[in-house]
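As given, the protein sequences belong to chains Y and L, one line each in that order. Under the UniProt record's numbering, read the first sequence as residues 1 to 385, first letter to last. Under the UniProt record's numbering, read the second sequence as residues 1 to 385, first letter to last.
Don't read these hints as lab results, they were simulated from the structure.
Straight-line alpha carbon distances no greater than 25 Å define the calculated DSS-like cross-link-like pairs of lysine-lysine that follow:
(1) L:K291 with L:K103
(2) L:K103 with Y:K103
(3) L:K54 with Y:K134
(4) L:K63 with Y:K54
(5) L:K56 with Y:K63
(6) Y:K56 with L:K134
(7) Y:K103 with Y:K291
(8) L:K56 with Y:K54
(9) L:K56 with L:K67
(10) L:K63 with L:K354
(11) Y:K54 with Y:K67
(12) L:K67 with L:K54
(13) Y:K56 with L:K63
(14) Y:K63 with L:K54
Covered by chain Y, according to a simulated footprint, are these stretches of chain L (three or more residues, beta-carbon under 8 Å):
(15) 49-56
(16) 87-100
(17) 111-117
(18) 121-135
(19) 142-156
Just so it is clear, CB atoms sit at the ideal spot from N, CA and C, and this is done for glycine as well.
Number of protein chains: 2
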Amino acid sequence: MEWMLVTGLLAALWVGVDVVLLGSPYLFQIMYSQFLSVVGFILTYNLIPPFAEKLKARGLFGKDLNKPGKDVPVPEALGIIPGTVFLVCVILSQFMFSSDAVKLLEYNAGLLSICFMILLGFVDDVIDLAWRYKLMLPTFASLPLLIAYRGSTSILIPKWIASLMSIPHLINLGYFYHLYMGLLAIFCTNSINILAGVNGLEVGQSVVITVATILHNLLELFWSVEDGTADDNPFASMHLFSLLISFPFLACSLGLLCHNWYPSRVFVGDTFTYFAGMFFAVAGILGHFNKTLLLLFIPQLLNTILSLPQLLGVIPCPRHRIPRCNPNTGLLEPTPNLTLLNFTLRLFGPMTEKRLVQILLLFQVLCCAGGLVIRHYSSLMFFFV
Amino acid sequence: MEWMLVTGLLAALWVGVDVVLLGSPYLFQIMYSQFLSVVGFILTYNLIPPFAEKLKARGLFGKDLNKPGKDVPVPEALGIIPGTVFLVCVILSQFMFSSDAVKLLEYNAGLLSICFMILLGFVDDVIDLAWRYKLMLPTFASLPLLIAYRGSTSILIPKWIASLMSIPHLINLGYFYHLYMGLLAIFCTNSINILAGVNGLEVGQSVVITVATILHNLLELFWSVEDGTADDNPFASMHLFSLLISFPFLACSLGLLCHNWYPSRVFVGDTFTYFAGMFFAVAGILGHFNKTLLLLFIPQLLNTILSLPQLLGVIPCPRHRIPRCNPNTGLLEPTPNLTLLNFTLRLFGPMTEKRLVQILLLFQVLCCAGGLVIRHYSSLMFFFV
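From just these sequences and the hints, can you work out the full model?
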C-alpha cells in the first residue's frame, strides 16, 4: 500500500518534470538523464544481492541491534553499488557537454569530490578510520569543488537588517564564502551520517531531500523559461546541472532503499552516507542553491545541534547512540543519548522501528515542503520588504 | 649499497630538474609540486605500517608463494595509501591553476579517472571482482579523460611509408583517436597488473617508467624554453602538467616500494596496479606523449603479447602464473606459463627472487633509456627523411 503510493508519486514526479519543461530547450537533456537513471535503478537493484553475499563472505557485515534474538549477520557497505552506478551514469551524461569546457569542469570537479568521498567511505567501512581522518579527508575531498566554483561569492542581507546595522544590502564574502562552502560540505557529509541507526533512515532521508531538490530546480528552471531568459541565464544552466545529477542519484538511492527498507536485508555503510552528503554539497554549491539546501536539511540540523554536547565530549558519547529495543514488547524505547531518534521516542512514546522511521521521514517531508514554500513564496518578502 | 645508488640517482634527478629549469617561468610550480611530493613520501612511508595492520586484521592478506616454509600472512591492498596521498597532493597542486578553467578541467578529469580506478582496485582487492567488471569498469573510468581531451586527433605517418602508400603525411583519426586513447588506458592498467608476481616488481617498474616520464617531459620543456616558445606553446603547458603529477606519483610509489621491496612486508594489490596504470594513461594522454609512452612500456608490451595465448584461453590459464620456488635450492624455476618472468628464468637459468626482480627492472631501465633515445634523437630522422 505505502509502496504503491511512493511509486505513484515518484512516477508522477518523473513524468511531471518532462511535462513542465515541454517545449523548453532542456527537455532532451532531462530525458536522456532520466533514461540513464532508469538503467541505473535497474542495475543497482539487481547488483546488490550478489555483491551483498560477497561483502558478507569478506567479513563486512553488522548485527541489527534493534532486532533482539535475531542474530542474523546483515551485509554492510552496500552504498558502494549505488555510488559506482551513479558515477557511471553521470560520466555517461558528460557526452552532452563535451564541447563546453566550463560545464565539463563543474561536472568533473563535482564527480571527483563525490568519487573521493565514496572511496573514503568504503575504506572507512573496511578498516574503521580514526576520527581525525574522518574530519580531515572530507576537507580535501571538497577542495576540487571549491576551486572549480565559478559563481558569485556575495550574499544578500535582508533589507531591514542591513538598514538596522547600517551595512550594505549585498556583501561580498570573498574567500570566506569558499570557507562557508567547505564547511557546508563537511556538514552535509557528517549530518546524514549521524541521523541514522534504524532501518532505511539514511537512504530514506536522502530520497526525500533529493525529491525536494528536484522540485526546487524544476521551479527555478520553469520560471526562467517562462521569463524567456533561459538561454542567456547562467542560473538556468546551474539548475539544469543540478537536475541532471539529481535524477541518477534518486534512482540509485531508490534501488538501494528497496533492499534497505525495514526489515533491512543490507546495510548502507558510511559509503552511502558520505556519498549522499557530498552529492548534496555538490548539487547545492554548483547548482547555486546552498542556502535553500540548508532549509531542506532542517532535521539534520536539529539532530546535529542536539548531538553537539556528546560530539564535543561535554557529555560522554558511547559507540552507538541508537534507541534500545525492549525484547518483551518489541518496541523501541529512548536511551539518554541526545539524538532526534530518542527525542521522537520521548515525545510520542515507545513504538516499533518501522513506525519510528515513518515518523522521521514524514518530518523530513514536512520540513522540505516548508523549506520550499519559504524559499519560493517568502524570499521576496524577506529580502525586499 | 644498491639503495644508496638509487637514492643518490633520485636526489640528483630531483635537484637536476630545478637546475635545468632555472630561470624558466615553470620553476616555482615545479618546486611547489616537489615540496608536496616530499610531504607525500613521508606520509606514505609512515602511514603504511599502521594501515597494514588494520587491513590484515580485516582479512586482507596474502601468502608469499615464493617463500616456501614461511607461512606468514602479508597484508594486501596497500596501494590504497599511496593512491589516497597522491590524490591529496595533486588536489593541493590545483591552487596554482585556480583561474584557468581549461587547465583545471584537465586536472579534474585526469584525477577523476585515477580516483575511480583506485576505488575499483580497492573494491577488487576486497571482494574479487569478476573478469567482466575488470574489463568494463576501466572503460568507464577512462571516459572523463577522453571527453576532456582537447588536443589534436591527428597522427604523423613516416614520410617514406606515406609516399609508398600514397596517403597523406598527417592523418586526422577523429573519433578513432579517442578509441585508441581508451584502449591505451585499458592496456596500461592491465599490462602492469599482469607483469607481477615477485616482490617489488609492480612498484619497481612503475618507478622506472615514471623517472623516464619525468626525463622526457623535462627535455621537451627545456627545449621549448630554449626556443623561447615556452609562453605561447601549448605543448609546453602539457608537458608541465605531466611533470607536476609525475613528482607526487614517484614520491608516493617510492614510499610504498620501501615496504614492498624484497622481502615484502606488504603487498600492493590491484589497488596499486590499477592506480599506476591509469596514472600513466592520464600523464601520457593529457601530456600528449602517448606514443612515446608505448616506447616506455616495451617490457609490459612483450609480457602482454607473450601472455595472449593464455589470456585468450587458447592455452589453459591457471589462477597464478608465477615461477615455482624450489624448496631445496631456494631458487625460482620457470613454470610452463607464458610470462616474461618464466621466459627470463629459461634464458638465464634458476635464480633467487631478488635477482629476478633486479634483472627485470634492469631490462625496464634499458628499454626506457632506449625509448627516450629513439624518441629524442631518431624521431626527426624517422619522420622527415
